[in-house]
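In order, the protein sequence lines correspond to chains A and B.
Using the numbering used here, you'd call the opening residue of the first sequence number 1 and step up by one each time.
Using the numbering used here, you'd call the opening residue of the second sequence number 1 and step up by one each time.
Among the hints, erroneous ones may be present.
[Said to hold, decoys possible] Derived lysine to aspartate or glutamate pairs resembling EDC-like cross-links, with alpha carbons at most 16 Å apart:
hint: 1; chain 1: A; residue 1: K260; chain 2: A; residue 2: E225
hint: 2; chain 1: A; residue 1: K260; chain 2: A; residue 2: E283
hint: 3; chain 1: B; residue 1: K161; chain 2: A; residue 2: E89
hint: 4; chain 1: B; residue 1: K7; chain 2: B; residue 2: D35
hint: 5; chain 1: B; residue 1: K197; chain 2: A; residue 2: D262
hint: 6; chain 1: B; residue 1: K187; chain 2: B; residue 2: E159
hint: 7; chain 1: B; residue 1: K190; chain 2: B; residue 2: D35
hint: 8; chain 1: B; residue 1: K190; chain 2: B; residue 2: D42
hint: 9; chain 1: A; residue 1: K149; chain 2: B; residue 2: E51
hint: 10; chain 1: B; residue 1: K140; chain 2: B; residue 2: E122
hint: 11; chain 1: A; residue 1: K154; chain 2: B; residue 2: E159
hint: 12; chain 1: A; residue 1: K260; chain 2: A; residue 2: D177
hint: 13; chain 1: A; residue 1: K85; chain 2: B; residue 2: E86
hint: 14; chain 1: A; residue 1: K85; chain 2: A; residue 2: D56
hint: 15; chain 1: A; residue 1: K320; chain 2: A; residue 2: D262
hint: 16; chain 1: B; residue 1: K187; chain 2: B; residue 2: D72
hint: 17; chain 1: B; residue 1: K106; chain 2: B; residue 2: D151
hint: 18; chain 1: A; residue 1: K149; chain 2: B; residue 2: E115
hint: 19; chain 1: A; residue 1: K335; chain 2: A; residue 2: E362
hint: 20; chain 1: B; residue 1: K191; chain 2: B; residue 2: E86
hint: 21; chain 1: A; residue 1: K149; chain 2: B; residue 2: D170
hint: 22; chain 1: B; residue 1: K181; chain 2: B; residue 2: D170
hint: 23; chain 1: B; residue 1: K149; chain 2: B; residue 2: D35
hint: 24; chain 1: B; residue 1: K197; chain 2: A; residue 2: E98
[Said to hold, decoys possible] Calculated Cβ distances over 10 Å to all of chain A for the following chain B residues:
hint: 25; residue: D64
hint: 26; residue: E100
hint: 27; residue: K140
hint: 28; residue: G185
Calculated from the structure, these hints are not laboratory results.
Positions of the beta carbon are idealized from the N, C-alpha and C atoms, including for glycine.
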Amino acid sequence: MTRTDCARLASLALVVLLSGCATYSDRIGVMERAIVAKDPVRALRVLEAQPGGRKDDVLYLLNKAMLQRMQGEYAASNAALEEAKPLMEKFATLSVSEQAAAFAINENVRAYAGELFEQVYVHVIAALNYLALNAPHSARVEALQLDVKLNQIKQGAAVDDGFPRYLTGLIYERLGDWDDALIAYRKAYQAYKSFPSYYSVGVPYPLKDDLLRLTARQGMNDEHERYRTEFGIKEWSAATSSADTGEVVFILLSGLAPVKRDAITGAVTQDGRMVTVALPYFEQRRAAANGVRISTAGRSAESALMSDVNNVAVTALDHKLAGITARAIARAVIKTRAVSKAQQEGNGALGLLINVAGVATERADTRSWTTLPNQIYLARLQLPPGRYDLQVQVLSSRGGVLGVEEYNDLELLQGDQRIITRHWVTPQDLLPSRPFTRPALVDQRKTKVKESRH
Amino acid sequence: MMTRATKYAWLAVIGLVMVACGTKVERIGVEEVRDLSGRWNDTDSRLVSEEMMQDVLSRSWLSDFLRGSGRDPAVIVGEIRNLSHEHINVTTFVNDIERELINSGKVAFVASKQERRDVREERADQDIHASEETRSAMGKERGADFMLKGDISTILDVEGKRQVRFYQVDLTLISLADNRKVWIGQKKIKKFVTGSKARP
């Protein structure tokens, strides 16, 4: 072999070593098992010990923020999120070198900037942290940032803007900004109505209650009547005015977000050649906890499903899959051309090595924010001012009780609003909720690239 | 085979690249303006406190009070609300204003609610443990004559990578005797930020 061949070989070896053989989701199994064993301290240790390039910095910070949240360290969690925000902005801009590398190696060389819905959820989690720290003014700052972010997102993007808008409404109500709260609830209502069917949760009853209550309070009677007809509610009394009563809001974050795996498929290129590509797919999960019932002093309320993060994530990937597939096929074509060029030059060994390197580096990008909850439930209970012991029953999908928690000695003043959040994880949350079916053969010669929903 | 000249050229190139790759630290003046991300920074804080300070000392409320009561006014800092899009630390420019006003000798500042708690704890401790001559007695605090309150709010206009950020800081001085607002200070800052479309 000549000197130039040695140089080429060395650079190839470097490329193979740098990209690694395990995908992101293969590496996080230990951390996830620690989380469902209700040991966030150990999970955080595992996360810190993992090697990770600068490209996965965002995911490291997001996971760290969730794990610190689970330990009750809300201020540290917010510090991690504040660090992640400018990084996500920076990585969302196109990088010339990463684009070039992605065509030669695989998608993992791109720095992960977070899906759109994940970028929105950064603000949601930060707001929940500030509410837990009893800093509603800081939560308001996050609500304003959410508003700016959601206004920038185009129509039709796979984003959950229902629960984030509802949360901003809750925060404005907490601070007594009734007009801002009503605007936020209206936007939430529009959002919930326009969800695509795959992640639609209907219009949750707490939102309906809030719209009726606030329109009555602000004296917007026409709008109030319109909502009454739309919701089909004949009788509605403003007996429980929020100025006289206190309120407990319980938010249940249930389970863990789905994880991406990679699948090797065949594909047929435009010129009829067969190549192998690795495509990502979501291993969907179903959360074990499907609601809460909160009760105290003879009153109780059941929760409503506010957000199905699992299905939002799947839809977001679906929207991107055509692009990912096209790029993967282009990459496979470039690699096969490199192999045949080496073979034409009479260098069989080099050709073989390029082939091996090409196959070894063909891994899908399986990065996603898996420590987000799978679903979000919310229950609200209006109570007269006083001291209460709140009992929370976590319910399964069949209505059975998975666990009971007590929040004792909650003091509610007049007009006060207490927001309690809980992230409930069990080992069942890691189980895939549906079996994986191999994706259909991708044929670029057909006008529409075919994908199978799995 | 590389000639000597090519070899030295390569060494020079590698050397230059290595130099550019290390971490650089450059000390800059405190007054120098360096805007990196478009968010609220120390320059904004300094501009606000400078303008407010010049304004508050040059108004008639100070001379009116001196004439009326014959002593310097005591001001307490109340709630400065952050109604903006960013987690801004409002205490930096409030501290700047406090420092300049106290140093000017015309206005006295008394401790705010949080600070008073610490001071009162210390005084209670002294009541029990300190000697008669050196103890600071309870019930001798200086009451405030005015309260400084305010808020900072923003208006953002975002389109793609471009945004116009508008900050408005409003501070009000309220007389604790009769609730009159004796002074209102306002500072507006506007920035035009263009995000980068690509990175290396």
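Restraint check for B:K140 with B:E122, where alpha carbons must lie at most 16 Å apart: OK: B:K140 and B:E122 at ~14 Å, within 16 Å.
Pairwise hint evaluation, B:D35 against B:K149, where the allowed Cα distance is 16 Å at most: violated, 28 Å
Agreement of B:K181 and B:D170 with the hint, judged by alpha carbon distance not exceeding 16 Å: holds, 13 Å
Given hint B:E86 paired with A:K85 - CA-CA distance at most 16 Å: Within the cut-off at roughly 12 Å; holds.
Restraint status (C-alpha distance of A:K260 to A:E225 at most 16 Å): Violated, at roughly 46 Å.
Interface exclusion of B:D64 relative to chain A, criterion Cβ beyond 10 Å: Given that every Cβ of chain A is farther than 10 Å from that of B:D64, nearest at about 34 Å, it holds.
Straight-line alpha-carbon gap B:K161 to A:E89, limit 16 Å: holds, 10 Å
Proposed proximity, A:D56 with A:K85 (alpha carbon, max 16 Å): With a Cα-Cα distance of about 14 Å, the restraint between A:K85 and A:D56 holds, given a limit of 16 Å.
Restraint status (C-alpha distance of B:K191 to B:E86 at most 16 Å): It holds: about 14 Å lies between the C-alpha atoms, which stays within 16 Å.
Assertion that B:K140 lies outside the chain A interface [Cβ separation over 10 Å]: The assertion about B:K140 holds, with a minimum of 34 Å to chain A.
Pair hint A:K335 and A:E362, alpha-carbon separation not exceeding 16 Å: holds, 10 Å
Holds or violated: B:K190 to B:D42, with C-alpha atoms at most 16 Å apart: holds, 15 Å
Hints 1, 4, 5, 6, 9, 12, 16, 17, 18, 21 and 23, counting from the list given before, are not met by this structure.
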